[in-house]
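Novice: Protein chains in written order, with my numbering: chain A, 3 to 433; chain B, 192 to 426; chain C, 592 to 846; chain D, 470 to 879; chain E, 12 to 368.
Keep in mind the hints are simulated off the structure, nothing from the lab.
Certain hints may be false.
Ranges between beta-carbon positions, derived for each pair [said to hold, decoys possible]: (1) E:306 <-> B:289: 16 to 24 Å; (2) A:185 <-> C:834: 27 to 35 Å; (3) C:604 <-> A:259: 35 to 43 Å; (4) A:136 <-> B:289: 52 to 60 Å; (5) D:855 <-> E:259: 31 to 39 Å; (6) D:855 <-> B:306: 31 to 39 Å; (7) C:741 <-> A:28: 41 to 49 Å; (8) E:315 <-> A:371: 53 to 61 Å; (9) A:283 <-> E:70: 54 to 62 Å; (10) A:295 <-> C:611: 37 to 45 Å; (11) B:259 <-> E:259: 52 to 60 Å; (12) A:305 <-> E:233: 41 to 49 Å; (13) B:306 <-> A:371: 44 to 52 Å.
Derived BS3-like pairs (lysine-lysine); straight-line CA-CA distance at most 27 Å [as the list claims (entries may be wrong)]: (14) A:413 <-> A:201; (15) B:399 <-> D:727; (16) D:533 <-> D:646; (17) A:13 <-> B:219; (18) B:361 <-> D:649; (19) E:261 <-> E:163; (20) B:361 <-> D:842; (21) A:17 <-> D:794; (22) D:720 <-> E:258; (23) D:795 <-> A:10; (24) E:244 <-> D:794; (25) E:304 <-> E:100; (26) E:39 <-> E:109; (27) C:686 <-> C:623; (28) A:254 <-> A:151; (29) D:488 <-> E:196; (30) E:196 <-> E:100; (31) E:292 <-> E:88; (32) D:488 <-> E:307; (33) B:361 <-> A:10.
Bear in mind the structure is a predicted one, so any value in this text is a computation, not a measurement.
All C-beta atoms in this analysis are idealised placements derived from N, C-alpha and C, irrespective of residue type, glycine included.
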Amino acid sequence: MPKPGLDKVDKILEKDVAILEGMDISGHWNRMFEQRVVWDYSTEILERITSLSGGESLGWCYQCGKCVPVCPVDMVGDYGPRKIYRKVQLGIDLFHDPDLWLCTTCMNCLRVCPKEVNMIEIMPAAREVAVQDGNVPPELQKVFENTAKYGNPMGESPRKRAEWVKEAGVPVTILPMTPRPVDVLWYVGSYPSYHPRGKDAARAMARVFYALGVDYAILGHEEKEDGDSIRLAGEKGLFEMLAESNIRTFQKYSFNRIVVTGPHEYNAFKNLYPQYGGAFEILHYTQFLAPMLPQLQKMFVKELPYTVTFHDPCYLGRHNGEYDAPRKLLQAIPGIRLVEMPRCRENGYCCGGGGGGMWLDGFSRDFIRERLSDRRVKEAVEVGAEILAVCCPYEVSRFEDSVKATGNEGKLLVRDIIELIDEAMGSPKTR
Amino acid sequence: MALHAPPKLERYADIPYEEKERLFQEVKADPRFPDYLYGCYECGICVAACPSARFYDFSPRKIAQTLAREDVELFFYQLNEDVWNCSQCFSCNRCPRGNSPGGLITIMREVAVRNGLRSAKEALEGYSRVIYKIMATGTQVSPDMIQADAFPDWGPVAKETADNLELWRKALPPETMHTTSTAWEVSEQTLTELYLIWHMTGVMDMIKEVDEGLHMILLDVMEELLEERGYALAE
Amino acid sequence: MEYIVLCKLVPDLVEDLEVNSEGTDLDRQFLKLVLNEFDEHALEEALLLKEAHGGRVTVVAPEADGVDEVLYTALAKGADRVIKVTGLGEKLSNKRLAGALRNFLPSLGFDLVLTGVQAVDDLDGQVGMLLAGYLDIPHVGVVTGVEVEPERKVARVRKEYAGGLLGEFEVQLPVVLGIQAARQPPRYAPITKVRQAMKEGKIEAVEGRAPLGLQIQVRRLFKPEATGHAEILEGPPEEVARRIVAVLEERGLLR
Amino acid sequence: MSIHAKQAEGPLGKERVFKRDPDLPLSEDIRDLVFELEAEGEWIVQRVPEPYVEVPRKDGRAKKVPLQHTWHHKSCGQCGHIPGYSTAIFWLHRKLGLEYDDPKDQTSCTGWNYYASATSNAAAQAAVAVRNFAAAYVTGFFPLIHCGTSYGHYKEVREELVKHPELRAQVREIMAKLGKPLVMPEEIVHYSEWVYAVRHEIAARKVYDCREIVVTVHPACHYYKLVQGDAIYDPDIYGGQRTAVVTAVAKALGAQVKDYSTWFDCCGFGFRHILVQRDFTRSFAVNRKIETMLEEAKPDVVLTHDTGCVTTLDKSQFAAQVHNKKVGVPVMSEAQFAALAMGAHPYRVCQLHWHAADYRPLLEKMGIDWKEKWQEFEEDLERIRRGEKDYLTWEDVDAEIPARHFLQVS
Amino acid sequence: MASDVVLVIGGGPAGLEAARGAADLGAKVVLVEERDHLGGTPVFERYAALTHGFQDAEEVMNRLAQEVTTHPNVQVKLSTRVVGCTGSKGDFHVTLTKVSDGASETVHAGAIIVATGFQHFDPGRETQVYGYYEYPDVITLADAEAMLKARKFVRPSTGLPPERVCFIQCVGSRDRQIGNEYCSKVCCGIASKQAIEIRQQVPNCKVYIFYIDMRMYGYWENEIYWPAQEQYKVNYIKGIATEIIQKGDKLLVRGEDTTLGRPMEVLMDMVILSVGMEPSKGTREVARILGLKQNKYGFIEVPHEGVDPVATSVPGIFVAGAAAGPKDLDDSMSMAGAAAMKAVAAIRRAIAVASGG
């Protein structure tokens with residue numbers, strides 16, 4: 003018998019050797035299939051998730067499918083917010099399903115959901131259960147352990163958190179060493195403190211602040227990971243520990259406001275830390291710098307004749323509504339031509355780093371056809387950009403990897419906005 | 192369990208869109224088409240009743256929807272891969288919209304055959320013996336076709352019948368059934384009429400598209416009888 | 592079944608290791624201590640055994656900076672009892688430690704003692720062996736898998752040999768095992784559970800009593816001198832390939 | 470397990486018996502259109518010969534089922550490997566003293582090939598059908614169709630011919646060339662409808678007690694799903710909610726008909742699949758039908774009324790044993806079963822030795838001594854082997870029938 | 012001679028509201044009802060709570076009936092049938108007979124309002140599908156209403172509360188093969204309402220609704236559907252069932268999970284068929300007697316639907332409620348008000364014309 007249809011069956015039963023009543027019916031002669039039927043709708047898992055604080059809205063989904071075309075993961079795989087509900091309705095155990103870890107909490111589904119099914123709350127709530135049960139992807143577990151031990155996900159020595167300062171080329175006040183009241187407390191963040199490309203941005207920031215005469219300081223080794231992505235990845239306890247520790251540290255010093263490098267910190271400090279007793283004025287660095295443009299513009303000495311496109315960070319844009327400040331800065335830089343990718347602002351495509359995705363690339367590789375950042379890089383190339391500008395510390399490293407992975411090296415550069423500003427101001431460190 | 196597997200459309204990426212469109216139009220032009228397709232609102236009644244859907248990733252609903260939405264790419268995929276999974280039981284005829292997905296598949300298969308699609312040829316490989324029987328003898332599965340080596344999975348009885356075929360056939364009271372190479376005895380006049388029908392309705396051309404060898408053998412058999420009976424085959 | 596897991600804290604390699612001015616020890620000013628990785632595996636293996644067969648896991652560790660946190664984490668992971676051995680001083684030899692353990696472990700009662708195959712700070716791997724010797728019970732080291740049959744009071748242990756061979760042994764309980772790797776990576780202790788353990792858990796302290804024996808003296812601790820360096824070739828692949836060939840030729844490695 | 474109409478009292482004591490609302494308009498009746506076309510001179514309508522029995526159809530109308538003068542349209546699937554199927558039908562006619570014709574001027578409807586391979590088309594299929602109708606017409610006997618697919622397919626062809634004048638014209642031209650009239654029978658009648666119509670006469674003549682026999686019924690898809698309106702639905706059987714053929718016969722014989730949850734399922738035949746994709750056919754027949762029946766009803770026999778279904782359900786059981794599937798129940802047509810109950814020879818008439826699943830326990834349960842019967846049949850075979858007889862004939866078999874008597878139509 | 016009487020045929024919600032409206036406008040009203048009580052289908056079929064609003068159906072209907080029977084301008088004739096009609100706009104002579112003894116009388120009416128309503132689709136017509144006449148645990152929406160009203164929602168086969176219940180939508184509606192291509196409008200709402208009531212009365216019972224698309228009109232969405240899903244955890248699954256058949260002591264429901272694209276076969280303790288609306292026998296009969304055009308489904312045709320939603324093909328005869336097609340209660344009541352106004356206007360105009368005004 004020929005084989006048509008064999009790629010369309012769920013499971014094949016076939017005994018290689020079978021002789022029955024003298025008849026040789028080995029192999030395909032005894033081949034049978036298993037049924038591909040939904041036998042039950044068990045509500046147990048759905049009930050378990052909807053009874054979690056934050057998990058309630060999963061039960062509201064009415065399968066309209068509006069989330070499907072905007073979900074960045076659905077576009078490259080079989081995961082999708084609507085499908086999560088269906089899986090759970092079918093009794094599939096989300097707590098042990100890879101889908102639990104694929105959501106990047108980018109919030110694009112919630113933006114369009116008519117029933118406000120809130121994956122930004124559902125996923126962390128469900129992940130928290132998995133984490134409590136000790137069911138964590140190994141690479142994420144390492145990040146949790148590192149962060150708990152060292153205050154940064156990379157597992158670097160806390161003592162070296164401010165080492166980048168040495169090569170900034172400008173003086174940087176480190177509060178624990180020279181405590182004094184300042185206007186701005188700059189919370190640098192883990193990636194700008196440790197990651198080689200993050201450090202580039204940190205140094206650029208220091209130079210720009212210095213040039214602008216900002217009265218600021220950093221926390222040095224007392225600074226700890228903000229914990230927002232840790233929380234979204236399900237380790238709420240660790241987040242709380244970090245929040246309490248950071249708040250205690252902030253409260254030791256005198257400052258007017260906190261400026262952060264990254265959108266995740268921005269989200270944590272602005273929206274979550276107040277619940278833990280730490281309410282401060284928080285600005286993303288683009289928001290801090292945008293009003294200072296008149297001053298900045300006077301300092302630009304170099305034209306950057308590039309076509310630039312901007313990638314909206316989910317946690318600055320969709321989560322916190324800031325789309326304009328980064329664009330204002332970019333447009334002010336002489337020479338830059340800003341082009342938009344089709345998916346931008348409210349509908350910006352996710353880089354894949356949010357919600358713990360930053361630390362799950364190895365895990366998710368088996369469940370997606372293409373990394374989200376790879377796809378985004380292709381979009382940037384398609385609109386003719388030479389520079390992909392970003393303002394989230396996760397993104398420089400993700401996108402630079404993707405530029406290489408998609409074979410676009412030499413065609414597209416990835417730059418933090420602060421690096422571009424620094425360069426336009428004639429920084430000695432040029433591209 | 193994958194919630195939806197994307198169809199493997201890329202398998203047919205090389206076929207020009209125009210060709211897919213042409214075949215789609217050929218299906219739509221069939222006079223039966225309007226009786227078989229009104230529209231689909233995804234109630235799933237047809238799939239629930241479908242035997243093939245129980246085991247294959249096959250869906251009469253998707254066939255109806257694809258045609259209704261005029262999704263030419265998906266149509267072409269189905270034309271090559273899905274239509275041959277259908278069991279043609281017509282359980283899907285319970286459609287509340289009055290569609291007949293099974294009927295649509297009948298039309299699609301005819302188009303696949305008429306156009307000699309490779310997939311149709313492959314699907315019908317191993318089947319030409321049956322086509323030969325029906326075309327040439329007017330009866331379909333003759334007793335001599337159940338040979339033990341081709342039906343070991345039917346158990347010892349297949350072998351026993353094959354071994355005793357002639358004797359057992361003689362032990363059948365109805366005299367029309369004593370034959371072994373046809374299911375029952377068919378008169379020559381009857382066969383002549385059947386051959387004329389095949390020729391006059393273009394069925395021979397369809398056979399030629401999927402199996403040229405079979406076509407030639409059949410022509411030989413038929414020409415002889417028709418000439419004997421005084422019919423010349425029109426060219 | 593009663594399982595005892597022996598744990599020890601060792602210097603964290605995340606921090607740069609500095610040698611003290613005398614050149615006889617690490618500079619402990621910025622030293623951070625963490626649980627010896629092999630001991631973490633021993634704990635994991637014990638927890639897996641407890642999950643399979645029931646029983647009780649007791650973790651025993653000599654006092655050190657940060658030992659409380661380690662013990663609370665063990666509780667969070669599922670240990671039933673944690674004991675800190677005090678009074679043994681900072682510079683503790685393996686022999687003294689084994690001696691101290693020998694004095695009080697029998698009072699706890701146990702079927703299996705699991706310990707990391709060795710600790711990264713001394714690379715001796717002695718404690719388990721010494722303990723087994725003192726107690727006159729069997730010892731198996733470099734273990735990568737343990738199964739127990741509580742009814743028969745035996746354990747089946749596996750170890751890996753060089754050359755890709757696996758050995759499987761059956762051993763009467765009680766036994767001391769030196770664990771190289773648990774059957775699965777050590778589990779995660781969620782912070783809420785650790786915090787809960789800190790709030791509700793109890794660390795028992797036991798005064799360690801061990802005879803002072805002969806000690807080994809450290810003569811010199813030093814960093815190795817660099818003997819070479821790597822060169823990173825950069826540029827387009829063709830160019831890099833050309834230079835690799837040139838280097839190989841230069842060194843006479845190509846014929 | 471099934472709870473039938475009369476037991477099924479509604480909540481709060483509401484009566485639960487389906488009664489068709491006589492005021493509701495019925496859907497279009499194709500027979501009216503067939504007669505209209507006759508009136509317009511488009512074709513000849515062959516009338517159902519008297520005496521006929523009127524039986525209830527699904528759509529609430531009555532269907533005429535002829536009792537005799539029937540032209541037996543054999544099934545091209547039956548004769549090859551389950552010849553007892555048609556032999557039993559003929560035997561029932563003879564036993565009831567009803568005249569029939571077993572023609573040689575008959576072809577397969579070719580539907581099997583059409584549904585399997587599509588190497589045919591609407592015109593060819595219609596021409597084959599009409600040719601066979603014409604062949605019946607000239608004999609004066611009325612077509613009685615043995616095969617479920619032929620039955621359904623002919624009704625499909627009838628719809629197409631009625632709806633599409635251009636198809637009619639094409640077929641008319643072909644028939645002219647063949648020198649045959651364009652004929653459409655007044656009713657398209659399946660043999661199981663005839664068995665249904667004479668079930669009480671059959672029951673009156675039964676010689677074996679069937680009360681202990683547990684029967685499951687498999688209705689053939691092409692009987693009641695392909696052009697549905699004129700299949701038989703009897704208010705007394707399943708409350709008129711499912712087709713009554715086969716079941717009504719088994720019940721009339723006093724057997725215990727048991728329900729099972731895949732009653733509406735196809736057998737898995739699949740046309741092409743039964744020959745070249747038997748992995749699918751076997752999976753379906755066993756997982757969906759045989760195993761389910763055995764789990765839920767434990768039948769002694771599976772009765773059906775189509776040759777494809779008998780083949781599929783019977784032959785698919787063997788290889789499934791390899792996977793420890795529950796199998797092992799004989800499958801036959803209700804005509805074979807009815808004939809057995811009436812004392813027909815299990816081998817000379819019902820030809821059970823062609824069947825794959827073991828039928829002997831059933832015979833034993835019915836009280837039929839199969840060893841003795843096989844001995845008799847072996848002797849027949851021996852005589853043929855020795856050349857004493859050319860064939861086993863109806864005379865050999867009819868000798869068992871006590872006396873010819875004609876059926877009284879009630 | 013023109014008459015100042017408005018004849019209302021049918022004592023259900025629409026008939027009662029039409030009678031009350033016309034009477035309030037000062038007309039004399041004769042209300043004819045074939046049954047021996049007022050309240051129409053909601054009372055006769057023992058509805059529980061009203062869909063949309065959740066008030067007790069019987070209470071609401073009784074209140075309405077009370078207002079009508081005590082209204083000085085209304086004469087109610089129970090157990091009375093309309094058997095003939097002559098005349099035209101302003102001057103109809105309608106023959107009535109008593110159901111009990113066949114005694115007949117004639118009413119002279121200036122205008123007629125037909126409010127003869129609907130009947131539930133009989134699931135037996137859709138054979139071999141839902142087994143309503145085979146399995147006691149297969150019931151209809153109407154059966155479920157009565158059970159919920161009695162607060163005794165149990166499996167008919169055992170008398171015990173069910174653990175799993177499902178609704179199957181669109182039974183007898185949206186079906187070319189049945190001949191009812193229309194949507195019956197209310198079944199989605201009623202099923203969801205009943206699902207809530209089941210969850211209230213039998214909290215451990217899981218409830219599933221198999222649907223093609225949930226057709227919720229206006230506030231039904233947020234008042235019924237969303238709470239059913241969000242608060243009462245009713246499971247909505249796209250794809251309706253093809254057949255129901257007994258398996259052991261449960262019902263096996265077979266359909267397709269269409270968003271998944273796989274066949275589904277699930278066991279239920281009870282199945283509730285969401286049967287749609289068809290014209291009542293009375294609607295068909297009265298339409299014939301009054302010579303009103305009916306559409307292909309037998310409902311009374313409204314030629315200018317939209318701009319004149321209560322006018323029939325015969326001047327002076329108006330229609331209200333489900334006699335004119337599937338309607339929910341709100342629509343029926345609004346139509347009844349409009350019909351009352353139109354009928355009173357028609358008689359005043361006729362009287363004015365007759366009196367040469």
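Novice: Work down the list of hints and note, for each, if the structure agrees.
Specialist: We went through each hint and held it up to the structure:
Distance hint check for residue 306 of chain E and residue 289 of chain B: the Cβ-Cβ separation is about 19 Å, which falls inside the suggested range of 16 to 24 Å. Between residue 185 of chain A and residue 834 of chain C the beta carbons are some 52 Å apart, a value that contradicts the proposed interval 27 to 35 Å. Separation of residue 604 of chain C from residue 259 of chain A is about 38 Å and conforms to the stated range, judged on CB atoms against 35 to 43 Å. Here the CB-CB span from residue 136 of chain A to residue 289 of chain B is close to 56 Å, well matched to the stated 52 to 60 Å.
At about 56 Å, the beta-carbon gap between residue 855 of chain D and residue 259 of chain E misses the expected band of 31 to 39 Å. Remark: the range hint 31 to 39 Å for residue 855 of chain D to residue 306 of chain B is contradicted by a beta-carbon distance near 57 Å. At roughly 45 Å, the beta carbons of residue 741 of chain C and residue 28 of chain A sit within the given window of 41 to 49 Å. Take residue 315 of chain E and residue 371 of chain A: their Cβ atoms lie about 57 Å apart, and the range 53 to 61 Å holds.
The supplied range of 54 to 62 Å is met by residue 283 of chain A and residue 70 of chain E, whose beta-carbon atoms lie about 59 Å from each other. For residue 295 of chain A and residue 611 of chain C, the Cβ-Cβ distance of about 54 Å falls outside the hinted range of 37 to 45 Å, so the restraint is violated. Hint check: residue 259 of chain B to residue 259 of chain E, Cβ distance near 39 Å, so the stated range 52 to 60 Å is violated. Under the hint 41 to 49 Å, the C-beta atoms of residue 305 of chain A and residue 233 of chain E, about 57 Å apart, miss the expected range.
Distance hint for residue 306 of chain B and residue 371 of chain A: a CB-CB separation of about 33 Å, inconsistent with the stated range 44 to 52 Å. Of the supplied pair hints, the one linking residue 413 of chain A and residue 201 of chain A holds, its CA atoms being roughly 23 Å apart against a limit of 27 Å. Restraint check for residue 399 of chain B and residue 727 of chain D: not satisfied, since their Cα atoms lie roughly 49 Å apart, outside the 27 Å limit. Distance restraint check for residue 533 of chain D and residue 646 of chain D: the Cα-Cα separation of roughly 32 Å exceeds the 27 Å cut-off, and the hinted pair is therefore not satisfied.
With a CA separation close to 35 Å, the supplied pair residue 13 of chain A and residue 219 of chain B exceeds the 27 Å bound. With a CA separation close to 33 Å, the supplied pair residue 361 of chain B and residue 649 of chain D exceeds the 27 Å bound. Restraint check: the Cα-Cα separation between residue 261 of chain E and residue 163 of chain E comes to about 20 Å, which is no more than 27 Å; the hinted pair holds. At roughly 18 Å between alpha-carbon atoms, residue 361 of chain B and residue 842 of chain D fall within 27 Å of each other, so this suggested pair holds.
For the proposed pair residue 17 of chain A and residue 794 of chain D, the alpha carbon gap of about 13 Å is at most 27 Å, so the pair holds. Under the criterion of a C-alpha separation no larger than 27 Å, the hint pairing residue 720 of chain D with residue 258 of chain E is consistent with the structure, at around 21 Å. For the hint linking residue 795 of chain D to residue 10 of chain A, the alpha-carbon distance of about 25 Å falls within 27 Å, and the restraint holds. A distance of roughly 39 Å separates the Cα atoms of residue 244 of chain E and residue 794 of chain D; the hinted pair therefore is violated under the 27 Å criterion.
For the suggested pair residue 304 of chain E and residue 100 of chain E, the alpha carbons sit about 16 Å apart, so the restraint of at most 27 Å is met. Taking the CA atoms of residue 39 of chain E and residue 109 of chain E, the gap is near 21 Å; set against the 27 Å cutoff, the hint holds. Distance check on the hinted pair: residue 686 of chain C and residue 623 of chain C sit about 24 Å apart at the alpha-carbon level, within 27 Å; holds. Note on residue 254 of chain A and residue 151 of chain A: the hinted pairing holds, with a Cα-Cα distance of about 22 Å set against a maximum of 27 Å.
Straight-line distance between C-alpha atoms of residue 488 of chain D and residue 196 of chain E comes to about 26 Å, which keeps the hinted pair within the 27 Å bound. Only pairs whose Cα atoms come within 27 Å are accepted, and residue 196 of chain E paired with residue 100 of chain E is rejected, the gap being roughly 32 Å. The hinted pair formed by residue 292 of chain E and residue 88 of chain E meets the criterion: a straight-line CA distance of about 19 Å does not exceed 27 Å. With a C-alpha separation of about 22 Å, the suggested pairing of residue 488 of chain D with residue 307 of chain E holds against the 27 Å cut-off.
Taking the CA atoms of residue 361 of chain B and residue 10 of chain A, the gap is about 45 Å. The hint is violated against a cut of 27 Å.
The earlier numbered hints that this structure contradicts are 2, 5, 6, 10, 11, 12, 13, 15, 16, 17, 18, 24, 30, 33.
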